[in-house]
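*Asks:* Going line by line, the protein sequences match chains A and B.
For the first sequence, numbering that gives the first Met the number 0 begins at 0 and goes up steadily by one.
For the second sequence, numbering that gives the first Met the number 0 begins at 0 and goes up steadily by one.
Some clues are possibly wrong.
In silico DSBU-like pairs for lysine-lysine, Cα to Cα no more than 30 Å straight-line [to be verified]:
(1) K199/B x K180/B
(2) K102/A x K3/B
(3) K9/B x K77/A
(4) K67/A x K226/B
(5) K208/B x K226/B
(6) K9/B x K38/A
Source of the hints: derived by calculation from the structure; they are not laboratory data.
Here the structure is a predicted model, which is why all the values come from computation and not from measurement.
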Amino acid sequence: MSATAVENSKGEATTAQSLAGKYLTFALGNEEYGERVLKVREIIGMMDVTPVPQVPPHVKGVVNLRGKIIPVVDLRLKFGFEPQPYTERTCIVVVQVQRGDSKIMMGVVVDAVSEVLNISDGEIEDTPSFGEELQTDYMLGIAKVKGRIKILLDLDRVLSSDTAVLQAVNN
Amino acid sequence: MSKKDKQTLKKTTDLLNKLACDTVVGATPIELQTGFSQLEGLFKGLGLEPLRRLASLYVVSFFDAASAVCAQLSERAPQLLEFFTRELEAWELGKESSDGVASWLARLENISNGLPAEGIPAAQKPALASSEAEVPPAAEPKEASDDALNFAADPEFVAMFITEALDHLESIEALVLEIEKTPDNRELLDNVFRPFHTVKGNAGALGFKPMQELAHKVENLLDLARKGKQKVGPAEIEIILKAVDLTRALLGDLKQISEGKAGQDFTAQRLALQEAVDRVIAGGGTEVSQAAPQTIPFVTPAEAVPAASVAGDGMPKRRASDFEASTVIKVDASKLDNLIDMVGELVIIQSMIRQDPTLANLIQSKLSQNLSQLNRITSSLQKDAMSLRMVPVRQTFQKMSRLVRDLGSKSGKKVDLVLYGEDTEMDRKMVEEINDPLMHMIRNAVDHGIEKPATRAERSKPATARVELKAYHQGGNIVIEISDDGNGLDPEKIRKKAISQGLVTAEQELSEAEIFQLIFAPGFSTAEKITEISGRGVGMDVVRRNIEALRGKVEIQSVLGKGSQFLIKLPLTLAILDGLVLGVGTERFVLPTFAIKESLRPAKDQIHSVQGRECMVRVRDRLFPLVRISVLFGIDNAVEDPCQGTLVLIEDDDRQLCLLVDRLIGKQEVVIKSLGETFRHLQGVAGGAILGDGRVGLILDANGIFKMTQLEKAS
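Let the hints inform the model, and build the full structure from the sequences given.
*Replies:* Encoded structure:
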């Protein structure tokens, strides 16, 4: 039973296979990112965010989304970029992330939303390892589309520490 | 965990998910073999030898296997995948792995050898709150008996059947308790026969033979009773109640199986009970307690089928008395919540339109009339929507009747539970939450409060003890009262125990009320004997926490030797809060009115400093700590000088302090929204309110604020 062979040839193929699909791409500074369209619920313009205490700076607070209160995270700050004032292109992307076995709606502040791209296997590469310096757990992979690089995110992982924000603070 | 391990782990979880999806759609043995041998390789990479062996055995079992064996192996795939997923999670968290691997290995061996698979894993018992001691021990490997329910029925029908059957069982139980008191009432006997008949019919239609059989037997008994051919005495009542319990357990089991989990085997109990029914009908059934084994778990409806996971729980349940004219409909709870959210939004947007300044200029009488009408209709709509959430407490209260009866007979005490105000309505969510605390307090009342008959006689008290459960509205709250005419609380005993546990010092002076509140401390119990029900001291603090989570409080009154009274005070609805909107900087906060004692603008001479910091306020000769919201919540541009802002004196339990805010904006009834899982551990904030302009204002939690200020003092 050539288990290893099967794993290598099928295991990796399986991983890339599940990555192809439609992605919503957005900009943070000079970099372009993408998240699977299935996870995106809607895009709203920037609105007043009610700040919430005792949270890290990238957790901006909460907003009212048609009667439901959802938390809002600034992705720039989360990734450690310099904060920039919001422009009229700044939006909140409302995504549905998985935490344990429940789904939570969260808003993510991005500099600008680009477009929805259909990305195929061939255009996606595995995340290279950048050594210990860079955390790449939450990147699904890197896509090269039309000569530009888009970093495909797994927002479940990006935001996983935020879906349980305060346990760390209080412990 | 190393980087490589993390990657492998991810690959493994991805593969598990993929395979799980595949099995749903229908995977061929080849696909399963390939998938599981990949898993084997991944487990090897992670160094998880037991799991690797299991995966390997699974694959190998397919080799040269008969098609029946292949079919069984395929059937087991989802379960095995789930097991792997859980083991992997546990491993990731560094927990000990369960010994499920051994039983799985055994199971696979059995299947390969053409034997029936089962040894049910010990972990699969449904959660029980047992008033009767034992729970069926993990069963020995069983033949696929009648009780291994297999059904081709549509899962939706099954879910509906379970919900409706549980409803029927509750009506039946309530009726039986009444019949116990008036055994000759023909109408009651008729009324209790019908739902049994219905459950039997539905069970039969869906092919659930065991349940059908059991219901049929009891139906026979009831039929004879309502025709006057069988007298309904204590033996008959016992039997019927045991049948109700067993049917509930069967329903719970059915639900487990319908979710793909392993079931339990109740054949032994069921057959024994059925025999007992036959005996009772034949006239020889006085020895019920031996005949129907005690091992039937007392499963309350809430535990048999957790309400949240069965869709369709919305409207008030049917009352025992109005079987005929039933105009109650079942509505999916989430639809109801969405509707209420939308109505809330409608109210806000309607209000914003009315307040729009451009409109103010255009107002003429017709438009103005229409707007007023719009406002009236919207308010009415909101009231109606809110009332959809309210259900009478009747059902919860009636569950307590059964509990008291069983507890009383078990402990040899005669106790009567008298209910008042069952029609009082409460927010649906609260009714669910209040169930456990109530049960615990009633258990305490019967277990520790009520004396044994001998003691009662000595004290010249009536032989039958009286526990009263009352519900009523009082001043914008709902009050639930549990009173008993038993022992009462002994302040001295409590005080001594508290001192010995280090909760208070011997010198501390405490009022009686404060002493009584000590019983809510974790681990506190003055019970000399621990019964299986209570006395372990884990109950009351959980009770209090549960009630506080509902924004309620518990008050205790008691007279030693005469009895006790526990008052649970709760807000009418969790959804709406009567609050005061406060402005701090550019933000707005809402403070619940019930926490507010008064507000004032202080004069210079009322502010006192300690060590250079302004931190005390004198109000009418009492000193209170001064707490700045701007500091607690990190708000810039807020008013610093107390004399320029407003002080709000808040109270929680017996503590008080003054909160400094910029200004009071106004009183408002706000809809409380949860801030969600993300902020669950936030202190000082009870939720969010959607204010008149659509923005969110944080709702302050007085209790949390006190805790926060203590932390600051400590640091």
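*Asks:* Now look at each hint and say whether the structure bears it out.
*Replies:* Quick rundown of the hints versus the structure:
1. Between the alpha carbons of K199/B and K180/B the distance comes to roughly 26 Å, so the proposed pair stays at or under 30 Å and holds.
2. Taking the CA atoms of K102/A and K3/B, the gap is near 28 Å; set against the 30 Å cutoff, the hint holds.
3. Between K9/B and K77/A the CA atoms are separated by roughly 23 Å; this keeps the pair inside 30 Å, and the hint holds.
4. With a C-alpha separation of about 57 Å, the suggested pair K67/A and K226/B falls outside the 30 Å cut-off, and the hint is violated.
5. Only pairs whose Cα atoms come within 30 Å are accepted, and K208/B paired with K226/B is accepted, the gap being roughly 26 Å.
6. About 19 Å separates the Cα atoms of K9/B and K38/A, which keeps this hinted pair within 30 Å; it holds.
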